[in-house]
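Novice: Letter by letter, the chains look like this.
Number of protein chains: 2
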Amino acid sequence: MDDPLVCVVDDDDAVRLSMSLLIETLGLPVQSFASALDVLADEEALRQAHCLVLDVRMPGLSGVGLQERLSRLGHPLPIIFVSAHGDVPMVARAMREGAFDFLQKPFNEQVLLDRVQEAVQFAAAQRAARGWLAEIQARIDSLTARESDVMAGMVAGRLNKQIAEGLGISIKTVEQHRARVMEKLQVDSLAELVRLVVGVGWSAESKNGQ
Amino acid sequence: MDDPLVCVVDDDDAVRLSMSLLIETLGLPVQSFASALDVLADEEALRQAHCLVLDVRMPGLSGVGLQERLSRLGHPLPIIFVSAHGDVPMVARAMREGAFDFLQKPFNEQVLLDRVQEAVQFAAAQRAARGWLAEIQARIDSLTARESDVMAGMVAGRLNKQIAEGLGISIKTVEQHRARVMEKLQVDSLAELVRLVVGVGWSAESKNGQ
DNA sequence: GCCAAATTTAGCGATATCACCAAATCCGGC
DNA sequence: GCCGGATTTGGTGATATCGCTAAATTTGGC
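Residue numbers (UniProt numbering), protein chains in the order written: chain A, 1 to 210; chain B, 1 to 210.
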């Protein structure tokens with residue numbers, strides 16, 4: 001369910017086919033699309049996709065348009081643009097927006113293969129990291145409101161006494177919550193907790209204030 | 001000593017002058033160079049530089065060549081390329097290597113100004129972050145070998161007893177070092193220490209092993 | 001209204017940490 | 001050989017944390 005998939009998008013049937021065949025020589029599964037909208041419609045493919053090989057100029061939604069849509073969906077996916085009509089501003093814009101590369105047709109086949117391989121590798125690493133963050137985030141989300149409050153105090157380096165004072169509750173209660181936080185986060189030291197929590201980009205803006 | 005400086009590099013005197021004058025309308029100090037090598041030779045300018053406006057095609061060292069040199073020197077500096085002869089592979093390469101933008105001549109003056117302003121702002125933020133990291137790193141470097149060992153244990157979440165056991169010393173010694181670590185790092189809680197230390201990308205590869 | 005979960009508080013004993021103190025030893029440089 | 005910093009160990013008392021158990025109260029949903 002997490003196999004790398006390469007999606008090729010080009011409105012030219014011949015080009016699409018030849019690129020697909022070429023990339024398949026890497027041993028990677030390839031799915032091809034005739035338009036950018038077809039890609040957006042295929043959620044399954046988007047989930048599996050580790051790399052997008054995208055023609056810039058296409059009828060309907062352009063390659064750059066698709067890039068923008070995906071970006072807005074918070075769907076970080078390495079995109080390799082391929083174009084015969086690329087001009088400087090277009091390339092610069094695409095790259096600024098995070099494109100993985102921009103190749104000009106006719107391109108060297110080996111270059112495309114190399115870039116695709118790099119992109120897939122990059123995406124795989126990115127997915128692994130994302131999965132780990134999601135796991136941690138899930139643990140944090142499993143905390144109750146009060147437990148979150150206490151965790152904030154712990155990460156801030158406050159003593160139980162100070163946390164209790166800040167929340168207007170007794171030290172014993174804080175101890176109780178503290179123990180449950182450690183349990184739910186599956187850590188057995190404050191240091192581990194802090195590393196976990198700062199690792200997911202936590203700061204103190206979830207839903208607590210004290 | 002940390003004033004933003006914009007460096008303009010172009011072998012064409014007229015272009016160099018007009019770009020310099022244009023950028024100066026932003027109220028930023030500008031220094032212009034006729035060749036890439038001149039920039040590399042001016043260490044003072046490189047220190048002050050918050051942004052490089054660089055012609056790609058120049059006799060001697062090219063703009064891309066300069067970018068590569070600076071990159072190898074570990075000198076992260078936002079570079080805005082300006083070129084009349086930009087082709088797709090060149091732009092893609094420059095952007096992949098971290099260029100801030102790539103503008104084609106003749107360019108819209110306002111676009112250049114906007115990008116320069118963004119780049120300077122970016123560089124300023126980057127410098128601030130770098131300065132902070134350097135400050136923390138200096139504190140960590142001021143630790144003695146043994147103190148570093150103990151700090152590693154603290155960040156790893158080990159108890160003083162375990163650290164002592166691992167290092168083959170008494171708990172009392174660990175407590176002593178621990179106190180000095182907190183003092184030197186200027187923190188007053190373990191949580192703060194961990195945040196500081198993981199913030200500088202520390203992991204356990206400095207010079208300790210236990 | 002009842003049930004389940006969340007929140008709250010408590011006691012107790014074992015451990016750990018903290019903040020002082022003082023001092024012996026070791027090692028490299030002048 | 002002497003000096004200073006680094007490393008080491010010890011004492012003592014106050015505080016804090018940990019792990020366990022137990023239970024009262026509140027809250028929200030069926």
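If you're looking for bench data, these hints aren't it; they were derived computationally from the structure.
Be aware that a few hints might be false.
Any copy will do: because identical chains look the same in the list, a pair fits if it lies in one copy or spans two.
[Stated by the list, open to error] Subject to a maximum C-alpha distance of 30 angstroms in a straight line, what follows is the list of computed DSSO-like cross-link-like pairs (lysine-lysine): (1) 184 with 105; (2) 161 with 105; (3) 105 with 172; (4) 184 with 161; (5) 184 with 172.
Novice: Using 30 angstroms as the alpha carbon limit, work out where residue 184 and residue 172 are close: within a copy, between copies, both or neither.
Specialist: within (18 angstroms within a copy, 33 angstroms between copies)
Novice: Between residue 184 and residue 161, at a C-alpha cutoff of 30 angstroms, which is it: within one copy, between copies, both, or neither?
Specialist: Classified as both: same-chain Cα gap 22 angstroms, cross-chain 26 angstroms, threshold 30 angstroms.
Novice: Reference check for the pair residue 161 and residue 105, CA-CA at most 30 angstroms: within, between, both, or neither?
Specialist: neither (67 angstroms within a copy, 65 angstroms between copies)
Novice: For residue 105 and residue 172, with the copy left unspecified, which applies at a CA distance of at most 30 angstroms: within, between, both, or neither?
Specialist: Intra 69 angstroms, inter 69 angstroms, cutoff 30 angstroms: neither.
Novice: At most 30 angstroms between alpha carbons: which applies to residue 184 and residue 105, within, between, both or neither?
Specialist: Neither: 53 angstroms inside a copy, 58 angstroms across copies.
Hint compliance for this structure: hints 1, 2 and 3 are not met, and every other hint is.
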